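Participant: Numbering (this note's numbering), first residue to last: 508 to 627.
Derived from the structure by calculation, the hints contain no laboratory data. Don't take every hint at face value.
List of simulated lysine-lysine pairs, BS3-like, C-alpha gap at most 25 angstroms [as the list claims (entries may be wrong)]: (1) K594 with K620; (2) K578 with K597; (3) K557 with K544; (4) K544 with K533; (5) K597 with K582; (6) K593 with K604; (7) K582 with K593; (8) K554 with K586; (9) K587 with K557.
Label pairs and their in silico Cβ distance ranges [stated by the list, open to error]: (10) D548 with T605: 22 to 32 angstroms; (11) D548 with F583: 27 to 37 angstroms; (12) D577 with R600: 38 to 48 angstroms; (13) L537 with S570: 45 to 55 angstroms; (14) D548 with K580: 22 to 32 angstroms; (15) G601 with R564: 46 to 56 angstroms; (16) E596 with L540: 57 to 67 angstroms.
Being a predicted model, the structure only gives us computed values, none of them experimental. Cβ atoms here follow ideal geometry from the backbone N, Cα and C, with glycine treated the same way.
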Amino acid sequence: MKEAFEQAKANQMRILEQLKGAQAAKNRRLEELKRAKAAEDAHWHEKSCKECGSPIRYRDTWSHIPNYCDKCKAKFDEKKKERESKKREKECRGCGKTIIYYTDWEHIPNYCKECREKGS
508 MKEAFEQAKA
518 NQMRILEQLK
528 GAQAAKNRRL
538 EELKRAKAAE
548 DAHWHEKSCK
558 ECGSPIRYRD
568 TWSHIPNYCD
578 KCKAKFDEKK
588 KERESKKREK
598 ECRGCGKTII
608 YYTDWEHIPN
618 YCKECREKGS
């Protein structure tokens, strides 16, 4: 009986050593992951939106660092799309070149810049 007890005790000690080894391996892996995350986080920076001042997160490895937050960028894109919808073309009465104008202009030109300069 004593021999069985000693074997069980030795088996328990072996299991405890394996457990300690597994815990040490886990802790090494956690430290490795923390170092990798810290290295990754070092590439992230923050700056303020030029329009509204809200924070913009960006990576220093990006080829283009944004100046505007997503909300302001969407607002600018919407204004640009609205402006483009008012864009029209017509022929110059003098030379036939294309004149680009916008429907909200008070005075829509009938002559291109060159023809206006010739006429002056």
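Participant: Would you mind marking each hint as holding or not holding in the structure?
Facilitator: Each hint tested on the structure:
1. Proximity of K594 to K620 is assessed by CA-CA distance (about 17 angstroms); at most 25 angstroms being required, the pair is judged to hold.
2. Between K578 and K597 the alpha-carbon distance is near 35 angstroms, which puts this suggested pair outside the 25 angstroms criterion.
3. Taking the CA atoms of K557 and K544, the gap is about 29 angstroms. The hint is violated against a cut of 25 angstroms.
4. A threshold of 25 angstroms between alpha carbons decides the hint, and for K544 with K533 the separation of about 16 angstroms falls inside it, so the pair holds.
5. A threshold of 25 angstroms between alpha carbons decides the hint, and for K597 with K582 the separation of about 29 angstroms lies outside it, so the pair is violated.
6. With a CA separation close to 20 angstroms, the supplied pair K593 and K604 stays within the 25 angstroms bound.
7. Of the pairs offered as hints, the one joining K582 and K593 holds, with about 17 angstroms between alpha carbons and a cut-off of 25 angstroms not exceeded.
8. Restraint check: the Cα-Cα separation between K554 and K586 comes to about 24 angstroms, which is no more than 25 angstroms; the hinted pair holds.
9. For the hint pairing K587 with K557, the CA-to-CA distance comes to about 18 angstroms; that is within 25 angstroms, so the pair holds.
10. Judged by the Cβ atoms, the range 22 to 32 angstroms given for D548 and T605 is violated: they are separated by roughly 53 angstroms.
11. For the hinted restraint 27 to 37 angstroms between D548 and F583, the CB-CB distance of approximately 30 angstroms keeps it satisfied.
12. Between D577 and R600 the C-beta distance comes to about 45 angstroms, which sits within the given range of 38 to 48 angstroms.
13. Separated by about 34 angstroms at the C-beta atoms, L537 and S570 break the suggested range of 45 to 55 angstroms.
14. At about 25 angstroms, the CB distance of D548 to K580 agrees with the hint of 22 to 32 angstroms.
15. Checked against the given bound of 46 to 56 angstroms, the beta carbons of G601 and R564, roughly 53 angstroms apart, stay inside it.
16. Evaluation of the 57 to 67 angstroms hint for E596 and L540 yields a pass: the beta carbon distance comes to about 59 angstroms.
In terms of the numbered hints stated before, the structure departs from hints 2, 3, 5, 10, 13, listed from lowest to highest.
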